[in-house]
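The chain contents come next:
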Amino acid sequence: MIELDGVTFTYAGEATPALQQLDLRIGAGELWAVLGPTGAGKSTLCSLLAGFIPHFYRGSLRGKVRVAGIDVPGSSLGEMSEHVGSVFQNPFNQVTGARYTVREEIGFGLENLGVPRPAMLERIERSLALTGLSELAERSPYALSGGQQQRLAIASILALRPKLMILDEPTSQLDPAGTGQVFTLLRDLVSAGETTVVVAEQRLEWVARVADRCLVLQSGTKAAEGTPSDVLSSPEAEGWGLCESRFSRAARAAAAQGITPQRPQLPHTLDQAVEYFR
Amino acid sequence: MGLLLAVAFAVPWWACYLTLGLLVLPLAALGRLFGPLTRTLWKLVLPFAVPILLIQGFFWGEGEVLFTLGPLSFYRLGLIFAAASIGRIAMLGGCFLLLSMTTRIDMLMRALVERGLPNQALYLVVTTLQLVPRFEAQAHRIQDAQRARGLETEGSIARRARALVPLIGPLLLASLMDVEERALALEARGFSRRGPRTSLVTLRDTPLQRWLRLALWLLAATLILYRLVSWITR
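One line per chain: the protein sequences are A and B, in this order. Be aware that the first sequence starts at 7, since it is given in our numbering, and climbs by one per residue. Be aware that the second sequence starts at -18, since it is given in our numbering, and climbs by one per residue.
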């Protein structure tokens, strides 16, 4: 699904590359989390995979970038939008403002892609059902909560049936309930074989719960790659700028007091912590 | 709108009141919009009506005087001329309000796109109208934050006006920052994609509506032509 070979990108007017010599292979039907501190290059990677680099943000791009079988630098944003969907941080800014109901908002992208009306109706209903928005279909997009608006943004992209969905910190402006809704939805979509997901994220507890694989970026380079458990339990995790979860912190505190763990690996989710302390 | 304007000035002034009383207001009542429409129309016309009435009435300067106010005389002909102007404004405003209160702007724009208007124009018009409440909400948020830091935003008109100055900068900056993400979100939904587009909404256009439209076009053309001929042969 994604092939990056020796990718280096420097924004126009900047001296330091935002991504450096990045190699990456992501297969279809996986949920990947991109981790790292602020300025690590997560958003740049998301923009690259969505085609916004080099078609929207200008700069110097070197290396090979293929996404969903498309050579990204050689394509256009219009072409990319047929295969790759993007969801951004601010749910409010993703409401087009051009449609009056949730149903019509989901239809906006389908209209642009020239999908015939009968197929459009079917896809909208399916997206509404998958994102749990069927009850709100006739509401104004502006009358939804933040979590519902973010689900609407996902539904709007989902209706385009992208082979790949890129989400750049989609829960950064959501409350815990909204965050839970979004992550659960992403996991369900991938498990149902609907799409492949790459999500840049800071909430490590949720990453540990839903991601198949993690990529850690540090100053634009790949610091680590592996399963959430391997990456988050790594002794180098703190050095990569990843904050320890409350569960692994509790586990360390328990170990310091001589409580023997049942599992060799530190817990990062509530379920893992229950097993760990059992 | 241009055609409506032309018709408003092509028909005799009393016909404007007739149109308003016999067509616009009954249609508004039929759509249960009589109250909102008349209230908005009143607010729309009053700022024009008062100065027109005063200027035309007191400064017409000839004919029968209706009453005097100190050194000023109020003329009958001035009153008639003011009534004519106000009637035209009221008819124009009434028609426009009836249209905006009964027609979803996206449907109207969709109809125009089907007649050749670029799709981008549709987006610009519809979003501009929808973004006004959002802009307002953002302004309130910034003002609340400024108030929390001690800025006085209530009181006399002068104080309120002063409070608007520190609002402009943050409001503009916040809006500009939103633009980038909004543009990317549009691109993600194929906004710049070339090729044919489809529409989820289907416009209902019955034979009766088509005939009515044709009849209105013919009526408008006849009225304009009649007025032109009257002017030429005067």
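Read the hints as simulated data drawn from the structure, not as lab findings. Fair warning: there could be bad hints in the mix.
[Claimed, not checked] Which chain A residues face chain B? A few, computed with CB under 7 Å, are given here:
#1 L83
#2 S92
#3 F114
#4 E117
#5 L119
#6 A259
#7 Q263
#8 T266
Please read these numbers as outputs of a predicted model, since none were measured by experiment. Think of the CB as a built atom: it goes at the ideal place given N, C-alpha and C, for glycine as much as any other residue.
Hints and how they fare:
no., hint, verdict
1, L83, "5 Å, holds"
2, S92, "4 Å, holds"
3, F114, "6 Å, holds"
4, E117, "5 Å, holds"
5, L119, "5 Å, holds"
6, A259, "39 Å, violated"
7, Q263, "44 Å, violated"
8, T266, "49 Å, violated"
In the structure shown, a violation is registered for the earlier hints numbered 6, 7, 8, in ascending order.
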